[in-house]
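Below are the chains, spelled out letter by letter.
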Amino acid sequence: MAHIALATGFILILIGLYGALTNRNILRMIVSFTVADTGVNLVIVAVGYLRGRTAPILDATLPAAEAAARIIDPVPQALVLTAIVIGVGITALMLAYAYKLHETKGSLDIADYRELKW
Amino acid sequence: MIKRFTVLLLLAGVGTLFAGLLLGYSPDGELNATARYYADHTAPDIGAANIVTAIIVTYRGLDTLGEVTVLFLTAAIVGLVLARGRRRTRTEQRELPPSGELLTTGSRLLVPLILLLGVYVFVNGHLTPGGGFQGGAILASAILLMLLTDPLRRFSHRLISALESTSGLVFVGIGLLGVFFAGGFLDNRILPIGNLGSLFSAGVIPVIYSFIGLKVGAEFSSMLVSLSETEDS
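Chains as they are written, first to last, in the numbering used here: chain A, 75 to 192; chain B, 2 to 234.
Isolated chain A (complex conformation) (with noise of 0.2 Å):
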């Protein structure tokens, strides 16, 4: 199971990598780190994974004395959270800045910016 979402989560790395150094389309580029952003989600999630295990909630059914031998790792957990969220900044930003640069040059094509090719 945790290799499952562990091979789907470095696939989607892979698939995100491949889509922003190949599409010369800023928008595209944009949509392919997301994909690897959500990779790298699973990819710490299923780390936390434990087998057999369940949720790190607590009520009746999982009294706080059984936790420690009941519940999946919660830290990737609370990692993955914040990076979720920040991912949705970044993506934001992105976005923004693409608008920015089509407004200038009336361009999406990476090709027509120049500047900081050596």
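If you're looking for bench data, these hints aren't it; they were derived computationally from the structure.
Here the structure is a predicted model, which is why all the values come from computation and not from measurement.
Note that beta-carbon positions come from the ideal geometry of N, C-alpha and C, so glycine has one too.
Honestly, I wouldn't trust all of these hints.
Said to hold, decoys possible - Computed cross-link-like contacts, SDA-like style, restricted to lysine to any residue with a CA-CA straight-line distance of at most 20 Å:
{"#": "1", "chain 1": "A", "residue 1": "K174", "chain 2": "A", "residue 2": "I164"}
{"#": "2", "chain 1": "A", "residue 1": "K179", "chain 2": "A", "residue 2": "R98"}
{"#": "3", "chain 1": "B", "residue 1": "K4", "chain 2": "A", "residue 2": "K174"}
{"#": "4", "chain 1": "B", "residue 1": "K4", "chain 2": "A", "residue 2": "Y187"}
{"#": "5", "chain 1": "A", "residue 1": "K191", "chain 2": "B", "residue 2": "V8"}
{"#": "6", "chain 1": "A", "residue 1": "K174", "chain 2": "B", "residue 2": "E230"}
{"#": "7", "chain 1": "A", "residue 1": "K191", "chain 2": "A", "residue 2": "N99"}
{"#": "8", "chain 1": "A", "residue 1": "K191", "chain 2": "A", "residue 2": "I164"}
{"#": "9", "chain 1": "A", "residue 1": "K179", "chain 2": "A", "residue 2": "L169"}
{"#": "10", "chain 1": "A", "residue 1": "K174", "chain 2": "B", "residue 2": "L74"}
{"#": "11", "chain 1": "A", "residue 1": "K174", "chain 2": "A", "residue 2": "L190"}
{"#": "12", "chain 1": "A", "residue 1": "K179", "chain 2": "B", "residue 2": "G16"}
{"#": "13", "chain 1": "A", "residue 1": "K179", "chain 2": "A", "residue 2": "L101"}
{"#": "14", "chain 1": "B", "residue 1": "K4", "chain 2": "A", "residue 2": "R102"}
{"#": "15", "chain 1": "A", "residue 1": "K174", "chain 2": "A", "residue 2": "A185"}
{"#": "16", "chain 1": "B", "residue 1": "K4", "chain 2": "A", "residue 2": "L169"}
{"#": "17", "chain 1": "A", "residue 1": "K191", "chain 2": "A", "residue 2": "G161"}
{"#": "18", "chain 1": "B", "residue 1": "K4", "chain 2": "A", "residue 2": "K179"}
{"#": "19", "chain 1": "B", "residue 1": "K4", "chain 2": "A", "residue 2": "A172"}
{"#": "20", "chain 1": "A", "residue 1": "K174", "chain 2": "B", "residue 2": "I78"}
{"#": "21", "chain 1": "A", "residue 1": "K179", "chain 2": "A", "residue 2": "I104"}
{"#": "22", "chain 1": "B", "residue 1": "K4", "chain 2": "A", "residue 2": "I89"}
{"#": "23", "chain 1": "B", "residue 1": "K4", "chain 2": "B", "residue 2": "G16"}
{"#": "24", "chain 1": "A", "residue 1": "K174", "chain 2": "B", "residue 2": "L81"}
{"#": "25", "chain 1": "A", "residue 1": "K174", "chain 2": "A", "residue 2": "L88"}
Unchecked claim - Chain B is nowhere near these chain A residues, computed Cβ spacing over 12 Å in every case:
{"#": "26", "residue": "F84"}
{"#": "27", "residue": "N99"}
{"#": "28", "residue": "R102"}
{"#": "29", "residue": "F107"}
{"#": "30", "residue": "T112"}
{"#": "31", "residue": "L124"}
{"#": "32", "residue": "T156"}
{"#": "33", "residue": "E177"}
{"#": "34", "residue": "D183"}
{"#": "35", "residue": "D186"}
{"#": "36", "residue": "R188"}
{"#": "37", "residue": "E189"}
{"#": "38", "residue": "L190"}
Starting from the structure of chain A, add chain B where the hints point.
Relative to the frame of chain A, chain B by itself:
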């Protein structure tokens, strides 16, 4: 051609790295020391039923404060970058086709329900798999639905920024109260911990998470509003 080859070569390298990691991975049978500490101490010390929430709001509360700050910076930069463009007023905007009966009526029905769900999700953040960030995102999705229905609708920037800054101040203020009345910055034991699993439990976690929810909702909404206002439609 040579460029595509380089890309494939790079990906093959990264893929080999990942394959090595994947094949060498063996899942843990037991929690590690950090996770075990959180699992054992959350219920008696923090009183939150959701251990992830206890980690985010109390154990690693300072990180969350930083995260909210990053989000605020993002919203501010998006606003700054986009606001320099020329704002179109309603009169020079070209006519948009009407958004349709289904979307209009549907959003009128759904927006209050979505707002209610968002508030429910962040108020119950310490009990259920929800919380301020998720609830805030749900609140912003209601704003997105309203913008889809009427792309020319304008929201009050003053209201959004007032909501955002008030919740931020309350968040930091409650954190500072923890220094004086409890164990340290962002300590949740200013209020009684209460019974595990009831709504009024876990000290100030529900209060802090509600304000985080409002703040995140306001920040996401301000990004959406900035993006929609500069639209070249």
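Original post:
What are the numbers of the hints that this structure violates, sorted from low to high?
Top reply: The structure breaks hints 3, 8, 12, 16, 17, 18, 19, 25, 26, 31, 32 and 33; every other hint is satisfied.
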